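If you read the protein sequences in the order shown, they are chains X and D. When the letters of the first sequence are read in order and numbered with my numbering, they come out as residues 247 to 733. When the letters of the second sequence are read in order and numbered with my numbering, they come out as residues 9 to 180.
Among the clues, some could well be false.
As the list claims (entries may be wrong) - Subject to a maximum C-alpha distance of 27 Å in a straight line, what follows is the list of computed DSSO-like cross-link-like pairs (lysine-lysine): (1) X/Lys-464 <-> X/Lys-572; (2) X/Lys-605 <-> X/Lys-572; (3) D/Lys-52 <-> X/Lys-434; (4) X/Lys-276 <-> X/Lys-528; (5) X/Lys-543 <-> X/Lys-276; (6) X/Lys-508 <-> X/Lys-572; (7) D/Lys-52 <-> X/Lys-420; (8) D/Lys-164 <-> X/Lys-420.
Unchecked claim - Chain X is nowhere near these chain D residues, computed Cβ spacing over 12 Å in every case: (9) Pro-94; (10) Ala-157; (11) Gln-161; (12) Glu-168; (13) Ser-172; (14) Ala-177.
Source of the hints: derived by calculation from the structure; they are not laboratory data. Fair warning: this is a prediction, and the values are worked out from it, not measured in the lab. Built from N, CA and C at the ideal position, the CB exists for glycine as well.
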Amino acid sequence: MSYQLETAAHPESLRRVAIDPVSRVEGHGKVTLLLDEQNKVHQVRLHIVEFRGFEKFIQGRPYWEVPVMVQRLCGICPVSHHLAAAKALDQVVGARQLTPAAEKLRRLMHYGQMLQSHALHFFHLCSPDLLFGFDSEVTRRNIVGVAREHPEIAKRGVLLRKFGQEVIRVTSGKRVHGTGAVPGGVNKALTVAERDELLRDIYQIIAWSRDAVHLIQKVHMQDPGLYNSFGIFRSNFMSLVGHNGDLDFYHGTLRARDDNGKAIFDGVDYCQYERYIEEEVKPWSYMKFPYFRALGKEHGWYKVGPLARVQNCDQIPTPFAERERKEFVDYAGGSPLHAPLAYHWTRMIEMLHAAETIKDLLHDDDLLADNLLVEGERAFEGVGVIEAPRGTLFHHYRVDENDLVTMANLIVSTTNNNQAMNEAIRHVARRYLHGREITEGLLNHIEVAIRAFDPCLSCATHALGKMPLEVELIDAAGERLHALARG
Amino acid sequence: MPAKHPGDLAGDGAPVVVFCIGNPSRGDDALGPHIHGQLENWLKSAGLDATVELIEDFQLQIEHALDLAGRQLAIFVDAGVETPAPVVFRRLAASTVATHSTHALPPESVLQVALQMGMPLPPAYVLCVRGESFALGEPLSPAARTSAAMAMQLLKNVLEAPESAGHLAAGG
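Next up, chain D with everything else stripped away, as it sits in the complex:
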């Protein structure tokens, strides 16, 4: 995708964006990149690669707000700690989440930054996949692999019928 001109906040990407966040060398923090790889293959085979843009990064940052421009749906996939279930899929609202760190913004704050920049927000969801171990150089834990498979099944359902995202979300 070509660089956007500074100040140009108009979107020119696919209607759906999926952010996959994590460091592939830190144990279950690799859940995001792992799911990114699986999604990339599946989207091609399902013929959906033109309608879904995948963005992989180590962590969310403020510039990811720009990637929301012009979207109809945004999904943030990330590993979680002490997540109450193996996979939690829930609707997000923009908010100023009290945080001590800008090293990694929570997804709610990315939405808030987009709002502050005058951008209309798409419906947005977080898919939090429970991680168990985050040690340097470790592979994905067996539990995380199981959770990743559940997450993939959920994502396939959502991406095949984006209008169903609300029904599939917790409380939907």
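Excised from the complex, chain X in its bound form:
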């Protein structure tokens, strides 16, 4: 848990390499490396665009608009923001306990989101790296390269994602910008016809999800030297856990463990998150660095997401995924596995769990009930926490007597992983780039480490021609020696 390579001793005498923006992650990111004349690495930093502008954007709006507005944070995980905001505002309308139908419809929506997001990430963001290797030419590493050389895998990725989006569509009312969750419950029931359409496909989806777990397990086990060490760093980890320590993406209490798996805190009501988590500001990044107050800035940072969740829970409450979790834990040898590339394996275990949970929910008649809303004593503050595809997501709002939002605080999954991602790329830079001539293949090693975390860098505008990738080498005098651009 060191800060080595965060700040160089004499940056003015070093050469700068910038990767801007990081390829194949949502939104904009930038990596800068400071190298000396022998290409030895002295400083590595990942800079990411923050969501603070959006928090200001939310302030002053009526609270009931917020669950819809926050979907515009990201085109890949809008449902996570939608539900985290709705959970926070449940407290504002006094809805302490949702109706069974409302909670299960929200769960169905969320597990559909997890399924489609994990499928997109694995099959289309990372499988090119995993199937073709980290040094393959850029055009073959992209999604279309996978489709050409592995048509069945690409097709399954498309159809898994499509199914998850259909789950979202029937529960939120629309394919995008849905309005399913509202403070106090949901505004749309599921029809028998909609349920039956999803039931028709779910067993195929489960089968493909199982295959995906076995595929990544095989890839991981074929090269343990690489997969167990690439970008590795040790850290604390945190997630929500549900009833009895179950893996639960929608609701639970906060649990954190140290790098050896020993509990730091457990059973924490997430409304009290500010007592346990603080965010550090660093002058070189717009994104904050959260840490556990009890351990301080240097030792209190942590990772979130699939690798944390699967190792933080006591069990997974669906049989196929639980079997896969046990295999993963056995492989890890009884102590936490910290290798970033193990995110892929655990992400597929979670996708399988999401598919199984969707199946269980579709067989639950509560889903078809029409008692969808509750309310109670009005409050002026609410905190909603959810396990989004990329990790723990916090939404915190204060509302005035005119129903307008006066304060919004979001800690998004990628912010929770900020220090962890920086540590991963520093390890990769030390291991692969230190003292070597920088090539595109080597720079892609940095990006492979980042993509393992599936960072969401805010859904920057995607307009045609808007997102070039630039790599710049700048000498100590600030003169540009070499540049690459595409996109």
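Once you have looked at the hints, place chain D on chain X.
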């Protein structure tokens, strides 16, 4: 529209599909959603809502390849940066466009994915509308509104007579 069965790539939608892409909260990136709203109203008034399906999304993704199944014409409407004219309408060919991102696929790659999945491709066009500013929370810029009106006029011509798309495209 009901969910398609996994592996079922047969189309069951309208003969024409128009994808309108963009984030409504990011300045001129809202051009796609803005045009979507205008088209929706116009299609109803023109009695064309049964023959044209509109799809609005934040960005193109690989699953949009499935929305090409069974179509006779596909149009992708999106904001552009440094677009050489306020509105550019051109024919698309499937291709593996060198890209660093799968966050948003270019329309050519959506066609390519459809080809890889064994789907026949409809004639496809992109309507790129020039944007000026993409800041969070900003409304459409005045220039973008003007360009959107031009784009709407072009789209009306195409959708009233889809066989004319080739003539209206750049170089057509």
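Status of the hints after comparison with the structure:
1. For the hint pairing X/Lys-464 with X/Lys-572, the CA-to-CA distance comes to about 16 Å; that is within 27 Å, so the pair holds.
2. With a C-alpha separation of about 21 Å, the suggested pair X/Lys-605 and X/Lys-572 falls inside the 27 Å cut-off, and the hint holds.
3. A distance of roughly 25 Å separates the Cα atoms of D/Lys-52 and X/Lys-434; the hinted pair therefore holds under the 27 Å criterion.
4. Between X/Lys-276 and X/Lys-528, the direct Cα distance comes to roughly 16 Å. Compliance with the 27 Å bound is thereby established for this hinted pair.
5. About 23 Å separates the Cα atoms of X/Lys-543 and X/Lys-276, which keeps this hinted pair within 27 Å; it holds.
6. Between the alpha carbons of X/Lys-508 and X/Lys-572 the distance comes to roughly 19 Å, so the proposed pair stays at or under 27 Å and holds.
7. Among the hinted pairs, D/Lys-52 with X/Lys-420 is consistent with the structure: their alpha-carbon atoms are about 19 Å apart, no more than 27 Å.
8. About 25 Å separates the Cα atoms of D/Lys-164 and X/Lys-420, which keeps this hinted pair within 27 Å; it holds.
9. Consistency note on D/Pro-94: stated as away from chain X, and its beta-carbon is indeed over 12 Å from all of that chain's, at 14 Å minimum.
10. Its beta-carbon lying about 19 Å from the closest one in chain X, D/Ala-157 satisfies the requirement of being farther than 12 Å from that chain.
11. No beta-carbon of chain X is positioned within 12 Å of the beta-carbon of D/Gln-161; the least distance is around 21 Å.
12. No Cβ of chain X comes within 12 Å of the Cβ of D/Glu-168; the nearest lies about 26 Å off, and the non-interface call holds.
13. Once the 12 Å rule is applied to beta carbons, D/Ser-172 is consistent with being away from chain X; the minimum gap is 24 Å.
14. The beta carbon of D/Ala-177 sits about 16 Å from the closest Cβ of chain X, which is more than 12 Å, so the claim that it is off the interface holds.
Checked against the numbered hints above, the structure violates none of them.
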